[in-house]
Amino acid sequence: MTKGGTILLVEDEEDIASLVRAYLERDGFRVVWTPKATEGLQELERHEIRLAILDLQLPDSDGFDLCRAIRSCSKLPIVMLTARDEEVDRVTGLELGADDYVTKPFSPRELVARVRAVLRRTEPETDDDLLEAGGVVLDRRSRTAVVDGREVELTAREFDLVWHLAEHPSVVVSREKILDRVWGLAFPGGTRTVDVHVGQLRRKLGRPDLIRTVRGSGYKLVS
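Taken in order, the sequence shown gives residues 497 to 719; the numbers are from our numbering.
Hint data in this document are derived by calculation from the structure and do not stem from the laboratory.
You can trust all of the hints, since none of them are fake.
Distance windows between CB atoms, simulated: (1) G501 to G712: 40 to 46 Å; (2) S638 to H543: 19 to 25 Å; (3) R564 to V643: 20 to 26 Å; (4) P601 to G631: 45 to 51 Å; (5) T640 to H664: 17 to 23 Å; (6) L515 to R708: 41 to 47 Å; (7) E672 to P555: 38 to 44 Å.
Note that CB positions come from ideal geometry on N, CA and C, so glycine has one too.
Given these sequences and hints, build the entire structure.
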């Protein structure tokens, strides 16, 4: 097994796939490549995949359907590729559970950097895997949130956001810093994305006062 683990690449353009594969392998990853969504699901069962890179437009399906299928049974980190630079596509992909979104044409080196950033967020190196705040128990190993003994389903991004705030209880964290630490690099959705995800967390966790808005500054988690 290579030092970086195995990346699943589902991309139907062979030239792009070859370039991405070369850069990922140079960075220490092993790459399993397939041009079709159905084959991508099969490869997930055959290999121990660390992260998936999915093209949005595939000959037998689309990246949204494939992302939805993966997310229905796995918390595997997902990066989506697309030739369409439309906000609705970015939002749809992220709402389905994608961890990052890269628009073609892109720099292969930037893609590798984004892959590394996603892995850092989803595979933290510390041994402290449990946090509790305001009756919400977060488990980083299973990436689950439990409220009053009931597991609450969160997207990958929602979990990363509440975990980051729970790591710094009572500390005001700016929207810009949250965007940088949770989304990584420059996210085109802007800080409004943070506000939307905080609203979703308040609703899902049933703890509207857990994450407090500090006007003009950002957010803080209050136990």
